[in-house]
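Peer 1: Here is how the chains run, residue by residue.
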Amino acid sequence: MKNNQAELLEQLMEVGFVLVETNLYLDTHPDDERALRLHNTFSQKYKELECIYEAQYGPLKFTSMSVLPWQYVDDPWPWDVDFGKCRC
Amino acid sequence: MWIYEKKLEYPVRVNTTNPTLAAMIIEQFGGADGELSAAIRYLTQRWSMPIGKAKAILTDIGTEELVP
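Top to bottom, those sequences are chains A and B. Under this note's numbering, the first residue of the first sequence carries the number 9, and numbering increases by one thereafter. Under this note's numbering, the first residue of the second sequence carries the number 6, and numbering increases by one thereafter.
Careful: at least some of the hints might be erroneous.
Pairwise CB distance ranges, derived in the manner of DEER restraints [to be verified]:
hint	chain 1	residue 1	chain 2	residue 2	range
1	B	T22	A	D39	16 to 24 Å
2	B	K58	A	H37	38 to 46 Å
3	A	D35	B	T68	38 to 46 Å
4	B	T25	A	I60	29 to 37 Å
5	A	F25	B	T25	41 to 49 Å
6	B	P24	A	L44	24 to 32 Å
7	B	L71	A	K53	42 to 50 Å
8	A	N12	B	T25	44 to 52 Å
9	B	I56	A	L76	42 to 50 Å
Note that these hints are calculated values from the structure, not bench results. Here the structure is a predicted model, which is why all the values come from computation and not from measurement. Ideal Cβ positions, reconstructed from N, Cα and C, are used throughout, including at glycine.
One chain only, chain B, in its complex shape (with noise of 0.2 Å):
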């Protein structure tokens, strides 16, 4: 199961107002190839996965998407 963890995975630090670079980092969080997407295919994906190690990857890697 997934556990909040309340902390960040890296400091955030905004100095600017820049709207073409927030249009571009939400498209990248929930755009068509974007990390959601991706997180709940690698989750999913890793059901079907014959070993450990493919199991691990994908889980660990489709958490790590969904880190906000």
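The following block holds chain A by itself, in its conformation from the complex (with noise of 0.2 Å):
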């Protein structure tokens, strides 16, 4: 997996998990605004990191658009994931 490419799919996984806690949050403060501003804003940039991802790598999920042949089979896998050389 090149650099860019595992520097990218960190990114939209910190998102993701900010996503997950402010899902959990509103989940039970649903009239939280300042919390429901943040989950936005966030949202917002999930769907921009996602979009460039998809278009460059290939679907995340399937529902989304390939080049032939269909690249969400194509390694590597999230498990095969070498996040070691990432800024992290």
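Join the two chains into one complex using the hints; note that each chain is given alone, in its own frame.
Peer 2: Here is the structure:
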């Protein structure tokens, strides 16, 4: 996996992790405007990153588009990605 | 990772009460050879698949088996 791909994937994972937390919080605090704004900001960011990643490296989800051949089957699969070289 | 989508794969329409059928469906879902245990097997075995195509098909069948 190219370094840029792993880095982009890791950014997506970070923003996704924020969304997991805002989601859980909002489930029990649906009226919290500040939390909702935070969620929406990161939701927007997630969409942008996802769009950039999928255009370059293929689908993250089965509902996404792909060039031929269907790139979803390509290695590496998430459990084979080496995040060791990334900035984290 | 997995994300819940707030929709059904296929519309559900239940018109009558049928305990016999309900028992069959519960067995088919959570029973000995049910979808739950099949899903776990697919999703565990995919880790030892040697090629991408095999990882993909086991991931996606396992995922589909879990759809409630």
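Peer 1: If a hint holds in the structure, say so; if it doesn't, say that too.
Peer 2: Hints and how they fare:
no.	hint	verdict
1	B/T22 with A/D39: 16 to 24 Å	violated, 39 Å
2	B/K58 with A/H37: 38 to 46 Å	holds, 44 Å
3	A/D35 with B/T68: 38 to 46 Å	violated, 23 Å
4	B/T25 with A/I60: 29 to 37 Å	violated, 53 Å
5	A/F25 with B/T25: 41 to 49 Å	holds, 46 Å
6	B/P24 with A/L44: 24 to 32 Å	violated, 44 Å
7	B/L71 with A/K53: 42 to 50 Å	violated, 29 Å
8	A/N12 with B/T25: 44 to 52 Å	violated, 58 Å
9	B/I56 with A/L76: 42 to 50 Å	violated, 18 Å
The structure is inconsistent with the numbered hints 1, 3, 4, 6, 7, 8 and 9, although it conforms to all the rest.
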